[in-house]
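Residue numbers (my numbering), protein chains in the order written: chain A, 1 to 664; chain B, 1001 to 1304.
Since the hints were made in silico from the structure, they are not lab data.
By construction, the Cβ of each residue, glycine as well, lies at the ideal position given by its N, Cα and C atoms.
Any given hint could be a false lead.
Mimicking BS3-like on lysine-lysine, the simulated pairs with C-alpha atoms at most 30 Å apart in a straight line are [said to hold, decoys possible]:
{"id": "1", "chain 1": "A", "residue 1": "K607", "chain 2": "B", "residue 2": "K1008"}
{"id": "2", "chain 1": "B", "residue 1": "K1234", "chain 2": "A", "residue 2": "K14"}
{"id": "3", "chain 1": "B", "residue 1": "K1180", "chain 2": "A", "residue 2": "K607"}
{"id": "4", "chain 1": "A", "residue 1": "K584", "chain 2": "B", "residue 2": "K1179"}
{"id": "5", "chain 1": "A", "residue 1": "K608", "chain 2": "B", "residue 2": "K1180"}
{"id": "6", "chain 1": "B", "residue 1": "K1234", "chain 2": "A", "residue 2": "K166"}
{"id": "7", "chain 1": "A", "residue 1": "K583", "chain 2": "B", "residue 2": "K1295"}
{"id": "8", "chain 1": "A", "residue 1": "K55", "chain 2": "B", "residue 2": "K1234"}
{"id": "9", "chain 1": "B", "residue 1": "K1008", "chain 2": "A", "residue 2": "K608"}
{"id": "10", "chain 1": "A", "residue 1": "K14", "chain 2": "B", "residue 2": "K1295"}
{"id": "11", "chain 1": "A", "residue 1": "K617", "chain 2": "B", "residue 2": "K1008"}
{"id": "12", "chain 1": "A", "residue 1": "K100", "chain 2": "B", "residue 2": "K1234"}
{"id": "13", "chain 1": "B", "residue 1": "K1234", "chain 2": "A", "residue 2": "K58"}
{"id": "14", "chain 1": "B", "residue 1": "K1295", "chain 2": "A", "residue 2": "K580"}
{"id": "15", "chain 1": "B", "residue 1": "K1179", "chain 2": "A", "residue 2": "K586"}
{"id": "16", "chain 1": "B", "residue 1": "K1295", "chain 2": "A", "residue 2": "K608"}
{"id": "17", "chain 1": "B", "residue 1": "K1179", "chain 2": "A", "residue 2": "K608"}
{"id": "18", "chain 1": "A", "residue 1": "K580", "chain 2": "B", "residue 2": "K1179"}
{"id": "19", "chain 1": "A", "residue 1": "K608", "chain 2": "B", "residue 2": "K1220"}
{"id": "20", "chain 1": "B", "residue 1": "K1295", "chain 2": "A", "residue 2": "K591"}
{"id": "21", "chain 1": "B", "residue 1": "K1295", "chain 2": "A", "residue 2": "K107"}
{"id": "22", "chain 1": "A", "residue 1": "K584", "chain 2": "B", "residue 2": "K1220"}
{"id": "23", "chain 1": "B", "residue 1": "K1220", "chain 2": "A", "residue 2": "K583"}
{"id": "24", "chain 1": "A", "residue 1": "K162", "chain 2": "B", "residue 2": "K1234"}
{"id": "25", "chain 1": "B", "residue 1": "K1234", "chain 2": "A", "residue 2": "K107"}
Footprint (simulated), chain A over chain B, 3 or more residues, beta carbon under 8 Å [as the list claims (entries may be wrong)]:
{"id": "26", "segment": "1175-1188"}
{"id": "27", "segment": "1215-1223"}
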Amino acid sequence: MAKIQLTKYLLSSKQIFWVLLSVTISVLPHLPRLPLWFPILLIGVILSRWLTAIKQTKPLPKVIIILITLTAFITIVYFQGFKLNREISVTILAAMTVLKILETNTKRDAWMVVTLCYFVILTRFFYSQDLLLVIYLFLSVLIITHTLFILQHDNKKDFLGKRELKQTLGLLATGLPLAVLFFLFFPRLGSPIWGSPDFFGNGKTGIGDSMSPGSISQLFSDDSTAFRATFKGTIPNNSDLYWRGPVLWDFDGKTWNTNQRQISKKTFIASNDTGTLVSYEVELEPTGQKYLFALDYVKTAPTGSTLKADQQLITENDINQLRHYTALSQFKTYNSNELLSPEDFARLKYLPPSFNPKTKALIQQWQRQVRSPLELIKKILTHFATDEFYYSYSPPLLMGDTVDQFLFETKSGFCEHYASAFTVMMRAAGIPARIVTGYQGGILNEGYLLVKQSDAHAWAEVWIQNKGWLRVDPTSAVSPLRVEQGSQALIRQNSRNWLDNSWSRKLGERYDAIRHNWNKWVREYNATKQKAIFKVIGFDSVNGRAIIIVLGTIILITTLLVLFFLYINRPKRKQSPYDKIQKKFKQLFLKHGLTAEENLGILEFSKKATEYFPQSKNSIQQFTTLYLRLRFSETENKQANLDNRLLKIIIKIKNELRTKDIKE
Amino acid sequence: MNNSLIHKAINAVCTKLFDKQQQVEMSFACLLAGGHLLIEDKPGLGKTTLAGAISHVLGLTFKRIQLTSDMLPSDVLGVSIFQPNSADFKFFQGPIFTQLLLADELNRGTPRTQSALLEAMAEQQVSIDGQTHQLPSPFFVIATQNPTDDAGTFPLPDSQLDRFMVSISLGYPSADAEKKLYESEFLNQQKIKLPALISAQQLNAMQETIAKIHANQEVKDYLHSLVLQTRDNKLFVNGLSPRAGLALFRLSQALAYIANRDFVIPEDVKKAFLPVASHRMRTLTTQQNPAILLKTILNETRIP
Chain A
1 MAKIQLTKYL LSSKQIFWVL LSVTISVLPH LPRLPLWFPI LLIGVILSRW
51 LTAIKQTKPL PKVIIILITL TAFITIVYFQ GFKLNREISV TILAAMTVLK
101 ILETNTKRDA WMVVTLCYFV ILTRFFYSQD LLLVIYLFLS VLIITHTLFI
151 LQHDNKKDFL GKRELKQTLG LLATGLPLAV LFFLFFPRLG SPIWGSPDFF
201 GNGKTGIGDS MSPGSISQLF SDDSTAFRAT FKGTIPNNSD LYWRGPVLWD
251 FDGKTWNTNQ RQISKKTFIA SNDTGTLVSY EVELEPTGQK YLFALDYVKT
301 APTGSTLKAD QQLITENDIN QLRHYTALSQ FKTYNSNELL SPEDFARLKY
351 LPPSFNPKTK ALIQQWQRQV RSPLELIKKI LTHFATDEFY YSYSPPLLMG
401 DTVDQFLFET KSGFCEHYAS AFTVMMRAAG IPARIVTGYQ GGILNEGYLL
451 VKQSDAHAWA EVWIQNKGWL RVDPTSAVSP LRVEQGSQAL IRQNSRNWLD
501 NSWSRKLGER YDAIRHNWNK WVREYNATKQ KAIFKVIGFD SVNGRAIIIV
551 LGTIILITTL LVLFFLYINR PKRKQSPYDK IQKKFKQLFL KHGLTAEENL
601 GILEFSKKAT EYFPQSKNSI QQFTTLYLRL RFSETENKQA NLDNRLLKII
651 IKIKNELRTK DIKE
Chain B
1001 MNNSLIHKAI NAVCTKLFDK QQQVEMSFAC LLAGGHLLIE DKPGLGKTTL
1051 AGAISHVLGL TFKRIQLTSD MLPSDVLGVS IFQPNSADFK FFQGPIFTQL
1101 LLADELNRGT PRTQSALLEA MAEQQVSIDG QTHQLPSPFF VIATQNPTDD
1151 AGTFPLPDSQ LDRFMVSISL GYPSADAEKK LYESEFLNQQ KIKLPALISA
1201 QQLNAMQETI AKIHANQEVK DYLHSLVLQT RDNKLFVNGL SPRAGLALFR
1251 LSQALAYIAN RDFVIPEDVK KAFLPVASHR MRTLTTQQNP AILLKTILNE
1301 TRIP
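Please take these sequences and the hints and turn them into a complete structure.
Below, the structure written as structure tokens:
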């Protein structure tokens, strides 16, 4: 018998395939953050196990498996350091799950590996709760659960039939309500877990802390979301939506850079500007940088960030997770609450000495014609508007004196070309100026403002004596459409590539709306919101007692429900009256101490019963003969007197057995 | 229905073979069901004794062949020999022309000889030199083979084994029965040839009765579910064929007859299952014993 027991727990190659698939699928989303040797390990282990399965060769010797495992463990510890943190724990879990495949020979092993897969999948949520990831993980849970199903059913020929899949889906669906309730009521951390950069659909390009020709125009073809903004009141006009990001002070002739010098908070001066206040909530996708984006000009800094004197919002840590913040901004023409030192002015007027001589000459010529900086600005903008300048997201490459080339030769550029040229011209005239990068505009998408990477923009700021900073957007002179109606208007006019059409854009926007809701309802479900729910059901504070009561109730109700459905759907064996009476007959003897295997025919059973209770020999034989005759013969009238006659004998035997007991 | 005759025969055979009531009953059931019998066991356990005793009791013409590797089909079937007087070929019947044939050590014969014999078993006729010779009726073959003795044997392929309705193995006798063998009284008795108790006509009549024995739907369902399970179990190379299913049914009927019933009960089927199935089943790996797997099937199928 021992041999059969063993074969019963052996795995077929189909089952092994599904186990391998489960492991691959659960480890896959971890790969970008796992060490480089990990994919090699994964592929090697899977190939070796698969070969063993196909060729039915012997599994690797224990010694080799132990050696491989030790090597993997030491490698992990060597490269990631010996400390008990999340990184190393997840790496070890993933590595050991993969290595366990090597010694997966019986069903018990397979169950273990597949169960481990659930944990591997779970750990992925430490790093991201993005919707895309959640969808992927749901699918992998489906596959893993189906693997469990396949491990249970040896003899099934078709593993992907409708009925089989339905069973797995049903299993998952049963768990769903419990998952939702636990999501709502399980104790939550007060703050989100901050993690390392995430690679799942993120790590995208975006606005950075430097700008050179081409760095923003390349974003124009990127329709992924930069951030979403929800306004308290009405959404301002598109031409007012200047989302301020990094402010670029330093120019080396080609590239603009942020002010690396620390600007202390004290350089703020109080101002009593009047202007429309606008309050909004921003949901910023991970950027890997420290900049927050807010409308010009920020009144108060969101929590967790600092407002620099040049109106940049800087956070303490890199933004590697979805970031939420509320901001208050005020629209005004001049921003005067920045105190500039003489060095600052020097930096704001600085140009590399030998670059762009033509531009410098042109400005010196124009300076003689105008009386004030404002007039010069107007003249330059008019020049952009009237001369043959083009707004293009794929302008020719510029080399050397980029501004000269742009102004006098190519005359075609994206916002960064115009902003850069304009600022250089201002500085050439000795007027302090700098570049601001960020986003401009956004589209209304199901109640919120969706700002895409393609909305990236650059504009200039000019310091006007006694008034403050004035925002000048030279792009508006060349392409008023861009500023008044947003980049989407441009895209509608000219598609960027063959994939670019309104249908695909609509789809992307629809998807973004779903993500937004996901973020809003799931990822941002925090302790505060949980407290509100607890309040609704009558607990004023979320303490241990409340949690135990609520979770206990959930578990109790779920268990009762499961038991109820199990009871309702219990397998109903078709029990004929004969089966019932046979059971009754057998029960008589079992009660009096007879032990017999369950699946014994009535003849065999009677034989055994006669051995133990010889005094009832005649009655037993009488019953058996009559029973068999009634049930299986052709001649007997089936139903007539069935219960009566057999029951009478049963009662007789009952009495006989009882008298025997009394005698003893 | 009167089956006292068959019980008399069974009891008579049992005097020659102690403690083997079940196997003797099964052998008779097989013959009553019109099937051929295969006895698989080690040497010296009474295979030939059993076959001989049955042939004597049945009062059938009996012949015996001992298969060896140099035996030719003509040694079994017969041969046509040229007659110089009449300038003609005359057919001399081989040992197969008998009502009961004992083929000893079947797996020692060459495949050619085995095949000739087994063809005859299936067709109940012999074709030689374009002439067809009808075999007598009833026609039974009792074959023995020694499964452990591999050297110089030609194991029968599955398709040939399928021609045997039942396979039994005798096994060692119990201690008491074995000691009885040493007694001189028994040895004397062994020398006495059993009288013929059943005639060929009586046998035919019994077979007719058995064919009419009733099996209701429940019994048929049970039988069929057993057959299906041998097909669904992936550890077997093949499941039971419909022919095997029919054999199982016929054998169950014969067992019911021996138990003096005019209807089949599930326990007849249960009893008949292993003898019918165990020699027909092959497992994918040699580690598994088909008989044990079949027993698991029996245990796991609910008997009505």
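Status of the hints after comparison with the structure:
Of the supplied pair hints, the one linking A/K607 and B/K1008 holds, its CA atoms being roughly 23 Å apart against a limit of 30 Å. Annotation: proposed proximity of B/K1234 to A/K14 holds, straight-line Cα distance about 13 Å (limit 30 Å). With a C-alpha separation of about 27 Å, the suggested pairing of B/K1180 with A/K607 holds against the 30 Å cut-off. Between A/K584 and B/K1179 the alpha-carbon distance is near 44 Å, which puts this suggested pair outside the 30 Å criterion.
A hinted pair counts as satisfied when its Cα atoms are at most 30 Å apart, and A/K608 with B/K1180 qualifies at roughly 28 Å. For the hint pairing B/K1234 with A/K166, the CA-to-CA distance comes to about 24 Å; that is within 30 Å, so the pair holds. With a C-alpha separation of about 23 Å, the suggested pairing of A/K583 with B/K1295 holds against the 30 Å cut-off. About 18 Å separates the Cα atoms of A/K55 and B/K1234, which keeps this hinted pair within 30 Å; it holds.
Taking the CA atoms of B/K1008 and A/K608, the gap is near 26 Å; set against the 30 Å cutoff, the hint holds. A threshold of 30 Å between alpha carbons decides the hint, and for A/K14 with B/K1295 the separation of about 27 Å falls inside it, so the pair holds. Using a Cα cut-off of 30 Å, the hinted pair A/K617 and B/K1008 holds, with the two alpha carbons roughly 25 Å apart. A distance of roughly 27 Å separates the Cα atoms of A/K100 and B/K1234; the hinted pair therefore holds under the 30 Å criterion.
Distance restraint check for B/K1234 and A/K58: the Cα-Cα separation of roughly 21 Å lies within the 30 Å cut-off, and the hinted pair is therefore satisfied. Only pairs whose Cα atoms come within 30 Å are accepted, and B/K1295 paired with A/K580 is accepted, the gap being roughly 26 Å. With a C-alpha separation of about 39 Å, the suggested pair B/K1179 and A/K586 falls outside the 30 Å cut-off, and the hint is violated. Distance hint between B/K1295 and A/K608 is fulfilled; the C-alpha atoms sit about 20 Å from each other, no more than 30 Å.
Only pairs whose Cα atoms come within 30 Å are accepted, and B/K1179 paired with A/K608 is accepted, the gap being roughly 28 Å. About 47 Å separates the Cα atoms of A/K580 and B/K1179, which puts this hinted pair outside 30 Å; it is violated. The straight-line distance between the Cα atoms of A/K608 and B/K1220 is roughly 26 Å, inside the 30 Å bound, and the hint therefore holds. Taking the CA atoms of B/K1295 and A/K591, the gap is near 28 Å; set against the 30 Å cutoff, the hint holds.
Among the hinted pairs, B/K1295 with A/K107 is consistent with the structure: their alpha-carbon atoms are about 23 Å apart, no more than 30 Å. About 25 Å separates the Cα atoms of A/K584 and B/K1220, which keeps this hinted pair within 30 Å; it holds. The straight-line distance between the Cα atoms of B/K1220 and A/K583 is roughly 22 Å, inside the 30 Å bound, and the hint therefore holds. About 22 Å separates the Cα atoms of A/K162 and B/K1234, which keeps this hinted pair within 30 Å; it holds.
Taken as a hint, the B/K1234 and A/K107 pair is honoured in the structure, with Cα atoms around 16 Å apart against an allowance of 30 Å. Against chain A, the segment 1175-1188 of chain B contributes 0 residues with a C-beta closer than 8 Å to a partner C-beta. That does not satisfy the three-residue criterion, and the hint is violated. For a cut-off of 8 Å, the count of residues in the segment 1215-1223 of chain B with a CB near a CB of chain A stands at 4, and the three-residue condition holds.
Comparing the model with each earlier hint shows violations of hints 4, 15, 18 and 26; every other hint is respected.
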